[in-house]
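**Q** Mind docking chains B, F and H on chain E? Use the hints.
Residue numbers (the working numbering), protein chains in the order written: chain E, 349 to 583; chain B, 349 to 583; chain F, 349 to 583; chain H, 349 to 583.
These are computed hints drawn from the structure, not numbers from a lab. Fair warning: there could be bad hints in the mix.
Chain copies aren't distinguished; within one or between two, either way the pair holds.
Claimed, not checked - Within a straight-line C-alpha distance of at most 25 Å, the following computed PhoX-like cross-link-like pairs (lysine-lysine) qualify:
#1 K567 <-> K503
#2 K413 <-> K571
#3 K366 <-> K503
#4 K400 <-> K567
#5 K571 <-> K366
#6 K567 <-> K412
#7 K413 <-> K567
#8 K571 <-> K412
#9 K503 <-> K400
Number of protein chains: 4
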Amino acid sequence: MLKALREQVLEANLDLVKGGLVLYTFGNVSGIDRDQGLVAIKPSGVPYDRMKADDIVLTDLDGKKVYGDMRPSSDLATHLLLYKSFSGIGGVVHSHSEYATIWAQAARAIPALGTTHADYFHGPVPVTRVLTDAEIEGDYVLNTGVVIVEAIGDKDPMSMPAALVAGHGPFCWGRDAADAVHNAVVLESVARMAVHTVALRPETRGISQSLLDQHYFRKHGAKATYGQASSDKAL
Amino acid sequence: MLKALREQVLEANLDLVKGGLVLYTFGNVSGIDRDQGLVAIKPSGVPYDRMKADDIVLTDLDGKKVYGDMRPSSDLATHLLLYKSFSGIGGVVHSHSEYATIWAQAARAIPALGTTHADYFHGPVPVTRVLTDAEIEGDYVLNTGVVIVEAIGDKDPMSMPAALVAGHGPFCWGRDAADAVHNAVVLESVARMAVHTVALRPETRGISQSLLDQHYFRKHGAKATYGQASSDKAL
Amino acid sequence: MLKALREQVLEANLDLVKGGLVLYTFGNVSGIDRDQGLVAIKPSGVPYDRMKADDIVLTDLDGKKVYGDMRPSSDLATHLLLYKSFSGIGGVVHSHSEYATIWAQAARAIPALGTTHADYFHGPVPVTRVLTDAEIEGDYVLNTGVVIVEAIGDKDPMSMPAALVAGHGPFCWGRDAADAVHNAVVLESVARMAVHTVALRPETRGISQSLLDQHYFRKHGAKATYGQASSDKAL
Amino acid sequence: MLKALREQVLEANLDLVKGGLVLYTFGNVSGIDRDQGLVAIKPSGVPYDRMKADDIVLTDLDGKKVYGDMRPSSDLATHLLLYKSFSGIGGVVHSHSEYATIWAQAARAIPALGTTHADYFHGPVPVTRVLTDAEIEGDYVLNTGVVIVEAIGDKDPMSMPAALVAGHGPFCWGRDAADAVHNAVVLESVARMAVHTVALRPETRGISQSLLDQHYFRKHGAKATYGQASSDKAL
Chain E
349 MLKALREQVL
359 EANLDLVKGG
369 LVLYTFGNVS
379 GIDRDQGLVA
389 IKPSGVPYDR
399 MKADDIVLTD
409 LDGKKVYGDM
419 RPSSDLATHL
429 LLYKSFSGIG
439 GVVHSHSEYA
449 TIWAQAARAI
459 PALGTTHADY
469 FHGPVPVTRV
479 LTDAEIEGDY
489 VLNTGVVIVE
499 AIGDKDPMSM
509 PAALVAGHGP
519 FCWGRDAADA
529 VHNAVVLESV
539 ARMAVHTVAL
549 RPETRGISQS
559 LLDQHYFRKH
569 GAKATYGQAS
579 SDKAL
Chain B
349 MLKALREQVL
359 EANLDLVKGG
369 LVLYTFGNVS
379 GIDRDQGLVA
389 IKPSGVPYDR
399 MKADDIVLTD
409 LDGKKVYGDM
419 RPSSDLATHL
429 LLYKSFSGIG
439 GVVHSHSEYA
449 TIWAQAARAI
459 PALGTTHADY
469 FHGPVPVTRV
479 LTDAEIEGDY
489 VLNTGVVIVE
499 AIGDKDPMSM
509 PAALVAGHGP
519 FCWGRDAADA
529 VHNAVVLESV
539 ARMAVHTVAL
549 RPETRGISQS
559 LLDQHYFRKH
569 GAKATYGQAS
579 SDKAL
Chain F
349 MLKALREQVL
359 EANLDLVKGG
369 LVLYTFGNVS
379 GIDRDQGLVA
389 IKPSGVPYDR
399 MKADDIVLTD
409 LDGKKVYGDM
419 RPSSDLATHL
429 LLYKSFSGIG
439 GVVHSHSEYA
449 TIWAQAARAI
459 PALGTTHADY
469 FHGPVPVTRV
479 LTDAEIEGDY
489 VLNTGVVIVE
499 AIGDKDPMSM
509 PAALVAGHGP
519 FCWGRDAADA
529 VHNAVVLESV
539 ARMAVHTVAL
549 RPETRGISQS
559 LLDQHYFRKH
569 GAKATYGQAS
579 SDKAL
Chain H
349 MLKALREQVL
359 EANLDLVKGG
369 LVLYTFGNVS
379 GIDRDQGLVA
389 IKPSGVPYDR
399 MKADDIVLTD
409 LDGKKVYGDM
419 RPSSDLATHL
429 LLYKSFSGIG
439 GVVHSHSEYA
449 TIWAQAARAI
459 PALGTTHADY
469 FHGPVPVTRV
479 LTDAEIEGDY
489 VLNTGVVIVE
499 AIGDKDPMSM
509 PAALVAGHGP
519 FCWGRDAADA
529 VHNAVVLESV
539 ARMAVHTVAL
549 RPETRGISQS
559 LLDQHYFRKH
569 GAKATYGQAS
579 SDKAL
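Next up, chain E with everything else stripped away, as it sits in the complex (with noise of 0.2 Å):
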């Protein structure tokens, strides 16, 4: 049952700790089959050296279990209410990567500081609000999507795919597992870039609105003249 999508999102999971961003069990990817309206996620807890596709599980929008003898991730709500809230994304990454999650424990957004950041994020990835204590003891884990897709507000999710949860760490996405994963590696080395440049220049605003957009659609759109196909970014 979606044997091609439960082995993509393991070869993602995997290439999430090939990356650096996981520690133990620590961090989770999912796909979705828009057609089926079927997502395939990590299960909950699993040491990443023994997963195997068959792990993978599979549920509906809802949360309800269609394939898998294993629980799914315990974030498994927030993937959900992502993929039903940004229609164009088809991967989702959560990782607990240090400084993603540094300047999300810092509740910061991170600016755009450079073309890295430019390259993969049109403009500073958002932070959340705080939850408030009433959304914790509620339903925590679907409260930490609903203030992500509050973050993001207006922003088309394909052009920020990312945002960080406040205390917590960050979501990243993409148009499939991979590509998620891909962002969430970017992501990481931008959060880390940014740390110290603030501490060099505390005061810098980060660069202009023209080299952000320069950068951001020599990757992504129709315009796109990056890699060897003229409409998508890097192959």
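**A** Frame of chain E, contents of chains B, F and H only:
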């Protein structure tokens, strides 16, 4: 004699190295058999790459050696006091892992700045008071244990499985030797993120009590929902 | 066609990865054959682990492709302007290596704070001015070269083989592609040390002119004494 | 000729690389045979991965080459002065390891902020004064040794086996070449922790004299208790 325990302790010592927490022979792990009242501990100053299960020393809770040819770790007396004071623990780790040591050197508790912290440590990781000259010149290794026990105070050692010895470094513990190492590895990541979070936002007070509780109890205790089993943390 | 050059350029691109300066496909290296006026450069957006010498594109100094099926790096126009402006150089590297990029994002030149710097860069590594909106919206890639050439000014490009593009990242060059990569790797270490040196001692002005000269000329020029040959830097 | 010494020195040079202290050919290790008054030292600018025991150069204490085809390290004169001034040492290391170099570039001694430091260095690791222009333009390499000897002053070089040359980097020494490298590796970790400790707590004065003594003498001297032998540091 307690071969399985000695093998677990050997394995846990090697995992400490794999976790990147060890330079040369710095650091030591022990485990206890509560029924027999015997502790298995790393020998002093032996390189990890040559260590065998037979080099792991067994002592009773008074530090009398009952198995092995080597001298036990020079930190033995601290380990023993922790086992005597914290009846629920089964393993103890001491390391000089760099970022936990940085907080210890700064004599600052690590505030609970995010959910990674909250998943493992139910509040700020405490730092001991500075030892007096008399305590240092007296039974120094034992007194290191005394100030750790003081720093934990009336906290539950299983929900606060670490303390920083001021000017020295971290001690961690857990259900068994492997769990203690797991906590030490997570502490290092939490400590590293906390150093930079505080730099980015010096006035931060950390996450709310409700978020701390939400994450801690998601992984620990009767209502835990993380992982594949229902009553304990990540398998 | 210029197979040896294409192989050197491939090798230099792979060395950039080995040096830890590259995430995904970020970064590109080129080399020039001065006699034929042809430049060999990495193709755009091709993963390093699949790149072959045949994927390396050859263009003339006006950017007209004379060999290869792939699109050249999207930074080609910057490379070409550097070759035309700095007649002594034989290789060019652009990367987003993190610490050099941090200085670029902070729009600060890297001061000469120690002898590691002085061994390679005969003075502060300059940072360009910020590009105007007109320059960004015009021939952006070419204009990136223009501000680099401006930043080097009347310095000898062989004794200052790097510049930081404000808000972007480093460009480095050298006798050939391999030498340019060597300089880029050293720049990254120098930049990392400089970030923390400035944190430890914000008022530092760096080393004296005499120490800068002593180290620079120990490795470069007719009186060089480093290495096994007498007239050039480390073999 | 002194084959065992040359092999030890080769091994120690390779250990410097394994310890992560070396970029390209930066850094050099030597060892001495006190009976014959001969020093074995790394050749200048030779890549580590091709270095053989036969490339290790032997010189007398005046720097006259007595064995080998290669030029000795360009830092030879510094090494020789240290051997002549510190009669108890058997090995010398110079590196540009990043964090020790950061303190050297900041021209600050590394304060004794914790027991990791105290286990190896019996007090703050001193930094030299800045060399005068005359000293730099004169016999620079020798004068580098002169200011190190000045910085050690009346301290015992065996209990303070390192000094930072202002604006340059660390020199370390020990009983033999391997021990000198061991000290250099520990110094780098100590220096890295000190950078961040000072950031977290700028006003820190470091550990007490009694804690410094307790740890230092636990590993060194007649009353040492660390390791498996009673009279020396970690085996």
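**Q** Now, for every hint given, state plainly whether the structure supports it.
**A** Hint check:
1. Taking the shortest Cα distances, K567 and K503 sit within 25 Å of each other inside one copy (18 Å), while across copies they are farther apart (34 Å).
2. In this assembly of identical chains, K413 and K571 lie within 25 Å of each other by CA distance solely across copies; the values are 21 Å between and 41 Å within a copy.
3. With identical chains, the CA atoms of K366 and K503 are never at most 25 Å apart, being 30 Å at best within one copy and 38 Å at best between copies.
4. When the C-alpha separation of K400 and K567 is checked against a cutoff of 25 Å, the pair qualifies only between copies, where the shortest distance is 23 Å, while the shortest distance within a copy is 34 Å.
5. Taking the closest pair of Cα atoms, K571 and K366 never come within 25 Å of each other, the shortest separation being 32 Å inside a single copy and 32 Å across copies.
6. Within a single copy, K567 and K412 get their C-alpha atoms only as close as 37 Å, which misses the 25 Å cut-off; across copies the closest is 22 Å, which meets it.
7. Proximity of K413 to K567 under the C-alpha cut-off of 25 Å is restricted to the inter-copy arrangement: shortest distance 22 Å between copies versus 37 Å within a copy.
8. Only between protomers do K571 and K412 lie at most 25 Å apart by alpha-carbon distance; the minimum there is 21 Å, versus 41 Å within a single protomer.
9. Neither within a single protomer nor between protomers do K503 and K400 lie at most 25 Å apart by alpha-carbon distance, with minima of 36 Å and 40 Å respectively.
Checked against the numbered hints above, the structure breaks hints 3, 5 and 9 and satisfies the rest.
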